[in-house]
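Enquirer: Here our numbering is used: the first residue of the sequence shown is 1410, the next is one more, and so on.
If you're looking for bench data, these hints aren't it; they were derived computationally from the structure.
A portion of the hints provided could be inaccurate.
In silico lysine to aspartate or glutamate, DMTMM-like type, Cα no more than 20 Å apart, as pairs [stated by the list, open to error]:
| no. | residue 1 | residue 2 |
| --- | --- | --- |
| 1 | K1505 | D1480 |
| 2 | K1433 | D1499 |
| 3 | K1501 | E1514 |
| 4 | K1511 | E1496 |
| 5 | K1519 | D1499 |
| 6 | K1511 | D1499 |
| 7 | K1506 | D1489 |
| 8 | K1479 | D1500 |
| 9 | K1506 | D1459 |
| 10 | K1433 | D1489 |
| 11 | K1505 | D1489 |
| 12 | K1418 | D1480 |
| 13 | K1418 | E1484 |
| 14 | K1506 | E1484 |
| 15 | K1433 | D1545 |
| 16 | K1506 | E1496 |
| 17 | K1519 | D1459 |
| 18 | K1511 | E1473 |
| 19 | K1511 | D1474 |
| 20 | K1519 | E1549 |
| 21 | K1479 | E1453 |
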Amino acid sequence: MQEWLRVLKAADAAARWHIDQRRKGQAKEPYINHLLEVAMLVAEATGGRDTNLVIAALLHDAIEDCALSKDLIAETFGNDVASLVAEVTDDKSLPKKVRKEKQIESAPMKSASAKLLKLADKISNLRAIAASPPADWPLERKTTYIEWAKQVAHGLRGISPQLETEFAEAARAAREACGLEACAEGGPSRLPTPSRTSHPEIESNK
């Protein structure tokens, strides 16, 4: 029970830290919706056994988007949570294109928990492109994001068959929403091997 009280405390903190932020899709959803979705995905994939992972999912954008420190997260939620949040945080001192390339390159080297979190994050972002993409994103930018997400997810293979299947379904739905051919005939499959392609800078989804 005490562990799940920590989860609720993290959800409350995430809601407060991201209170002024909304997703960039047409629906302008509160950003906390994304964090809750990622937390639910990792909780389901692990049977709710890893509360630190669920807490990190709720806080995974706190350093990057709210300028909070790793030390503050560690003080409140422990070193394991803070280290995991830091592991999935981009270095914003780097150019955006470099950060995107680093996500692809570093994916295979992430810890098991970070791989689960990264894969869940990409599932949520692809679902958003299918259901409520940014109004100012042209087709090329949406399809470029989908292909980039596949490149990141390729390095995360083997960590969770459940999340891999959900990723494939989310990618298929995003492609269909863009009017493109579905990823696979007859339903979702495991993560495909994407081709490495160059991509423009992507400003909202991570």
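Enquirer: Look at each hint and say if it fits the structure.
Expert: Each hint tested on the structure:
For the suggested pair K1505 and D1480, the alpha carbons sit about 25 Å apart, so the restraint of at most 20 Å is broken. For the given pair, K1433 sits about 19 Å from D1499 by alpha-carbon distance, which is consistent with the 20 Å threshold. With a CA separation close to 16 Å, the supplied pair K1501 and E1514 stays within the 20 Å bound. As the CA atoms of K1511 and E1496 are separated by approximately 12 Å, the hinted pair is consistent with the 20 Å bound.
Of the pairs offered as hints, the one joining K1519 and D1499 holds, with about 13 Å between alpha carbons and a cut-off of 20 Å not exceeded. Proposed proximity of K1511 and D1499 is supported: the alpha carbons are some 9 Å apart, at most 20 Å. At most 20 Å may separate the alpha-carbon atoms for a hinted pair to count; K1506 and D1489 exceed this at roughly 29 Å. Taken as a hint, the K1479 and D1500 pair is honoured in the structure, with Cα atoms around 13 Å apart against an allowance of 20 Å.
Distance restraint check for K1506 and D1459: the Cα-Cα separation of roughly 33 Å exceeds the 20 Å cut-off, and the hinted pair is therefore not satisfied. For the hint linking K1433 to D1489, the alpha-carbon distance of about 30 Å lies beyond 20 Å, and the restraint is violated. Only pairs whose Cα atoms come within 20 Å are accepted, and K1505 paired with D1489 is rejected, the gap being roughly 27 Å. A hinted pair counts as satisfied when its Cα atoms are at most 20 Å apart, and K1418 with D1480 qualifies at roughly 17 Å.
Of the pairs offered as hints, the one joining K1418 and E1484 holds, with about 13 Å between alpha carbons and a cut-off of 20 Å not exceeded. With a C-alpha separation of about 32 Å, the suggested pair K1506 and E1484 falls outside the 20 Å cut-off, and the hint is violated. Annotation: proposed proximity of K1433 to D1545 holds, straight-line Cα distance about 9 Å (limit 20 Å). Of the pairs offered as hints, the one joining K1506 and E1496 holds, with about 19 Å between alpha carbons and a cut-off of 20 Å not exceeded.
A threshold of 20 Å between alpha carbons decides the hint, and for K1519 with D1459 the separation of about 17 Å falls inside it, so the pair holds. In summary, the hint linking K1511 to E1473 is supported, as the alpha carbons are separated by about 15 Å, within the 20 Å threshold. Simply put, K1511 and D1474 have alpha-carbon atoms about 18 Å apart, close enough for the 20 Å limit, and the pair holds. With a C-alpha separation of about 29 Å, the suggested pair K1519 and E1549 falls outside the 20 Å cut-off, and the hint is violated.
For the suggested pair K1479 and E1453, the alpha carbons sit about 26 Å apart, so the restraint of at most 20 Å is broken.
In this structure, the hints that do not hold are numbers 1, 7, 9, 10, 11, 14, 20, 21, in rising order.
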